[in-house]
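First to last, the sequence lines map onto chains A and B.
FYI, the numbering for the first sequence is 1 to 309, going by our numbering.
FYI, the numbering for the second sequence is 1001 to 1553, going by our numbering.
What the hints contain is simulated information worked out from the structure, not anything from laboratory work.
Mixed in with the good hints there might be a few duds.
[Unchecked claim] Have a look at the derived ranges for each label pair, beta carbon to beta carbon:
id, chain 1, residue 1, chain 2, residue 2, range
1, A, Asp203, B, Arg1409, 50 to 60 Å
2, A, Arg271, B, Arg1420, 51 to 61 Å
3, B, His1343, A, Met25, 24 to 34 Å
4, A, Asp128, B, Glu1266, 16 to 26 Å
5, B, His1343, A, Gly84, 54 to 64 Å
6, A, Arg252, B, Pro1062, 14 to 24 Å
7, B, Glu1134, A, Gly84, 26 to 36 Å
[Claimed, not checked] Here are a few chain B residues that face chain A, going by a calculated C-beta distance under 10 Å:
id, residue
8, Arg1060
9, Gly1066
10, Leu1097
11, Gly1100
12, Leu1434
Note that the structure is a prediction, hence the values are computed from the model and not measured.
Note that the Cβ used here is the ideal one computed from N, Cα and C, for glycine as well.
In case you want the letters, here they are:
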Amino acid sequence: MASFMLSGTTASKISSQLTHLRHQMGAPAIGMVLTLVVVCDESNQYDAVRAATEAAREHPSRILVAIARDPAEAIRLDAELRIGESTPGEVILLRLYGELTRHAESVVSPLLLPDTPVVAWWPGECTDRPAKDPIGLLTQRRITDARSADDPVKAIVGRARGYHPGDTDLAWTRLTPWRSLLAAAFDQPVGEVERGVVEAVPDNPSAPLLAAWLSDRLGAPVEVAESGGPGLTAVRLSTADGEIKVTRSDARLATLTRPGQPDRRVALARRPTSELLAEELRRLDPDELYETAIRHLARGVTAPQAARR
Amino acid sequence: MTDGETQMTSPEEPKAPGDEEETRPAHADEVATVAAAAASAASTEAAMLANPLRDPRDKRLPRVAGPCVLVLFGVTGDLAKRKLLPAIYDLGNRGLLPPGFSLVGFARRDWAAQDFAQLTHDAIKEHARTPFREEVWKQLREGIHFVPGEFSDDGAFDALAMTLKEIDETRGTGGNYAFYLSVPPKFFPLVVEQLKRTNLANAPEGAWRRVVIEKPFGHDLQSAQELNTITSAVFPESSVFRIDHYLGKETVQNIMALRFANNLFEPIWNRGYVDHVQITMAEDIGIGGRAGYYDGIGAARDVIQNHLLQLLALVAMDDPTSFEANSLRREKEKVLKAVRLPHDLGLGTARGRYTSGWQGGEPVVGYLDEDGIPADSITETYAAIKLEIANRRWAGVPFYLRTGKRLGRRVTEVAVVFQRAPHLPFSTDDTEILGQNALVIRVQPDEGITVRFGSKVPGTAMEVRDVSMDFAYGESFMESSPEAYERLLLDVLIGDPPLFPHQREVDLSWQILDPIEHFWASQGRPEGYPAGTWGPASADAMMARDGRVWRRL
Ligand SMILES: NC(=O)c1ccc[n+]([C@@H]2O[C@H](COP(=O)([O-])OP(=O)(O)OC[C@H]3O[C@@H](n4cnc5c(N)ncnc54)[C@H](OP(=O)(O)O)[C@@H]3O)[C@@H](O)[C@H]2O)c1
Chain A
1 MASFMLSGTT ASKISSQLTH LRHQMGAPAI GMVLTLVVVC DESNQYDAVR AATEAAREHP
61 SRILVAIARD PAEAIRLDAE LRIGESTPGE VILLRLYGEL TRHAESVVSP LLLPDTPVVA
121 WWPGECTDRP AKDPIGLLTQ RRITDARSAD DPVKAIVGRA RGYHPGDTDL AWTRLTPWRS
181 LLAAAFDQPV GEVERGVVEA VPDNPSAPLL AAWLSDRLGA PVEVAESGGP GLTAVRLSTA
241 DGEIKVTRSD ARLATLTRPG QPDRRVALAR RPTSELLAEE LRRLDPDELY ETAIRHLARG
301 VTAPQAARR
Chain B
1001 MTDGETQMTS PEEPKAPGDE EETRPAHADE VATVAAAAAS AASTEAAMLA NPLRDPRDKR
1061 LPRVAGPCVL VLFGVTGDLA KRKLLPAIYD LGNRGLLPPG FSLVGFARRD WAAQDFAQLT
1121 HDAIKEHART PFREEVWKQL REGIHFVPGE FSDDGAFDAL AMTLKEIDET RGTGGNYAFY
1181 LSVPPKFFPL VVEQLKRTNL ANAPEGAWRR VVIEKPFGHD LQSAQELNTI TSAVFPESSV
1241 FRIDHYLGKE TVQNIMALRF ANNLFEPIWN RGYVDHVQIT MAEDIGIGGR AGYYDGIGAA
1301 RDVIQNHLLQ LLALVAMDDP TSFEANSLRR EKEKVLKAVR LPHDLGLGTA RGRYTSGWQG
1361 GEPVVGYLDE DGIPADSITE TYAAIKLEIA NRRWAGVPFY LRTGKRLGRR VTEVAVVFQR
1421 APHLPFSTDD TEILGQNALV IRVQPDEGIT VRFGSKVPGT AMEVRDVSMD FAYGESFMES
1481 SPEAYERLLL DVLIGDPPLF PHQREVDLSW QILDPIEHFW ASQGRPEGYP AGTWGPASAD
1541 AMMARDGRVW RRL
């Protein structure tokens, strides 16, 4: 891993230093498939870079990390360049000082890989309208994470207001294994679902989202109930024939129960952020199902939508 | 090339080589197959449509098979331990196994389920691609069962039938069984017969039964058809899944993406621009402990008949109307039917056998000195053949196929070599070392695509030289890209057949190879080549006669 620090620099100096480092390492051309812009602060920078680098194993990327520092200082740009054998792509940490903290896009924009998709990720707090954000404007896909908001549930409920095609939230990504298991349970005929409940620790933004998705797809009211966790602990759906439920008490192994059938255990582990990110980067088109779910959520979880596709 | 000599015959009417005429356009069983496929597609689709939680736009949800049981024969074998059991675990780890999925092992061991579980556990620990996770193992472990017995033992199969019935009740697997025959082909008839006798081959209403067979699919056309007669008497063609694990490889599927998702290559993918095509599968290993399997079979039957001819079909076929099994197979069959052999098999083929030598810094023995090889063996360990494809796209473009053991290194690739530029506005000195443009699909290892073209050497003179442009497909996600067997097992459980060769393709491939094998059988011992080199001199001579050379790999 070659690392290089530039202090008081500019985007064009960073760019030529990158080319220089690449040549030095004997690999001037590399097959990077996208640029990932990580917008964060110093406190969550370490974990975010780690996850992004891991995800880049599946999607070789240029990772630009925009870190806002003290806006009261004089304007300055510091950069840290990391290129190495261990990472398939390139990581560039950009530390912005002074008024530059409000113009990160002016540094990011010239450093984007030409003619390939751009994805932004806010591992921490983000604006209500990611697509209108100066960095968001440069991107096809914008990934937020309601879990790290002060009020996670309020954050996910509010996503519909600022939604623009190409937005997703990791609270939704975390649900894929649950949704997959529930969908598999419905591959065999199931009677009409009358109502349902999703149980989770309080403040888990994925729970109301799952309830909204289920409610929308099944045309039945689905509530959120509190449990001791960890994370999501159960989904119960009542049908005329009895209850279909998925329960998970240890965040690892779930049990699927269907009326008239033996219980079955299924691995349902929580995934590290790197895997969530890798899943996000696999698809760069708008996620219409996410949109439907957050819109349904915004209308109120318990109000079922009669029409279903 | 004229047709008379080596005209291919249609699959239903095998004829001796040299026979004339190819007159059967329609396939007798095609209508039935299409109907069956349509029916099964309809039922899957119906289930999908009926499921309110599925939506075609929901691309995050993976394709997961319905509840089912996989019955594995030959669990103690090399393939089961190295590939199949680990692949099952990896599928589980990726969340792709259905709830209630059960695995039944069958072997002639006095074992209980826990012994088989131990074997599975060890195989996973040693060979799985993804990290070991206790909860995934627990899920898998719950569904593991074992039935002891010989294939000839009726009682054992009755016990198997009982066990499966029980599993349906305790695990809710709904009578859906896949039988994987990971056993030497000579036992296929016996096992298939037992499945018939115990009525396990017969799917009740609303359930499915599938059988998976491994190569070799016979050793010539006749034996392949005999084998097929046996399986097709018990299982309909749509329930037979023939594994050619090459087709499960990401890079091989990428051939289709490369060709049909781009507009850059297809316009030049024909005789107007392509000079010739080289398809190579080179191995650096010898025959290892597999003398009993290998001797009498040889390189061509082992590799060309299946892997290389499948690669040829994918590279040369016209675009299918869809990637649905029938359309894809139809295009592959069309191109395999159009394959023509060289006039003079002595000049258009080459075969060799490795002698002792140095392989990657180690001294290794010759083929005849390997354990269990008879001194009078005439089996080849290297085979090269030149084929042409008699259609509008490819007429006159030779396809050179080669494979061998104990070659310089392990590499599989397809190289499309283009014609030289019609006119070079440079002096001959300047372009002396300029070769031909080439597009190389590297199948393994180091999966990717290389394009070779001429570029100016920096300096004051206009000197042009070859450079390579590289797309490294697996550069960074080599470990994380799924194994071929994962994909294929999943497709079996889902019932998705496009990546499995149809019996007609198997027949057609044997029709291509049989005359060559027949000719070779009369030629005595193959020519020697020292281990660690790139094959016998006759293979180079074959290319030299056409004014071409093998790519140095
Ligand atoms: N290995 C590969 O890489 C590879 C590649 C492509 C295709 N294949 C094909 O895959 C299949 C399995 O290959 P393999 O390499 O795993 O073969 P293998 O190592 O020889 O294993 C054969 C299996 O069959 C069992 N078996 C043999 N005779 C039996 C009998 N009379 N009754 C009950 N069980 C019997 C063996 O059990 P015991 O332990 O009791 O003998 C063993 O589990 C073959 O069709 C082979 O051609 C293998």
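Results of checking the hints against the structure:
1. A:Asp203 with B:Arg1409: 50 to 60 Å: holds (57 Å)
2. A:Arg271 with B:Arg1420: 51 to 61 Å: Since the Cβ atoms of arginine 271 of chain A and arginine 1420 of chain B sit about 53 Å apart, the hinted range of 51 to 61 Å holds.
3. B:His1343 with A:Met25: 24 to 34 Å: Since the Cβ atoms of histidine 1343 of chain B and methionine 25 of chain A sit about 53 Å apart, the hinted range of 24 to 34 Å is violated.
4. A:Asp128 with B:Glu1266: 16 to 26 Å: Given a distance of about 46 Å, which is not inside 16 to 26 Å, the answer is violated.
5. B:His1343 with A:Gly84: 54 to 64 Å: holds (56 Å)
6. A:Arg252 with B:Pro1062: 14 to 24 Å: holds (19 Å)
7. B:Glu1134 with A:Gly84: 26 to 36 Å: Taking Cβ atoms as reference, glutamate 1134 of chain B and glycine 84 of chain A lie about 32 Å apart, which means the hint holds.
8. Arg1060: Hint on arginine 1060 of chain B: holds, closest Cβ of chain A at ~5 Å, below 10 Å.
9. Gly1066: holds (5 Å)
10. Leu1097: holds (8 Å)
11. Gly1100: Nearest chain A Cβ about 4 Å off; hint holds.
12. Leu1434: violated (21 Å)
The structure shown violates the earlier hints numbered 3, 4, 12.
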